[in-house]
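> The working numbering puts the first residue of the sequence shown at 13, with every later residue one more than the last.
Just so you know, the hints here were simulated from the structure itself, not pulled from any lab data.
Note that the structure is predicted; figures quoted are calculated from it, not measured.
For glycine and all other residues, C-beta sits at the position ideal for the given N, C-alpha and C.
Where hints are given, some of them may not hold.
Derived DEER-like restraints, expressed as beta-carbon distance ranges [to be verified]:
1) S82 / G22: 18 to 24 Å
2) A81 / L19: 15 to 21 Å
3) P63 / V34: 19 to 25 Å
4) R78 / V34: 16 to 22 Å
5) P67 / K20: 28 to 34 Å
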Amino acid sequence: MLVSHALKDGVLHLRLLRELDVTSRAAAALEIEAIVSAYRPGRVLLEFPTPCPSPASFSALARARRMCASLGIALTASGPGSVPLQAPGSAPPARTA
13 MLVSHALKDG VLHLRLLREL DVTSRAAAAL EIEAIVSAYR PGRVLLEFPT
63 PCPSPASFSA LARARRMCAS LGIALTASGP GSVPLQAPGS APPARTA
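Please build the complete structure, drawing on both the sequences and the hints.
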């Protein structure tokens, strides 16, 4: 199992349980597709385990986004605890006092 989920107030909360790699991204994308298809929510929130997801995790997000778009379901992604996401290799956001 690579994805946990909970349905709250019509929003399907999905969480990747670990960072994905090439060998696990397809399985995670299929899990996401199966969960979304089963619940058919109004919105999906996908939470990554780290603020700087791996390329394979972004690939799974892209597949989930295309699938949700085809079903007319809004999809939002975030880092752990609603932290903004960073692309791999980018500098972390500057902290303000």
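> Between A81 and L19, does the beta-carbon spacing fit 15 to 21 Å?
holds, 20 Å
> At the C-beta level, are P67 and K20 separated by a distance inside 28 to 34 Å?
Between P67 and K20, where Cβ atoms are some 30 Å apart, the hint holds.
> Against the range 16 to 22 Å, how does the distance between the Cβ atoms of R78 and V34 compare: consistent or not?
holds, 19 Å
> For P63 and V34, compare the CB-CB distance with the range 19 to 25 Å and indicate the outcome.
For V34 against P63, whose Cβ atoms are near 21 Å apart, the range 19 to 25 Å holds.
> Does the Cβ pair S82, G22 satisfy 18 to 24 Å?
Given about 19 Å between the Cβ atoms, the range holds.
The structure shown violates none of the earlier numbered hints.
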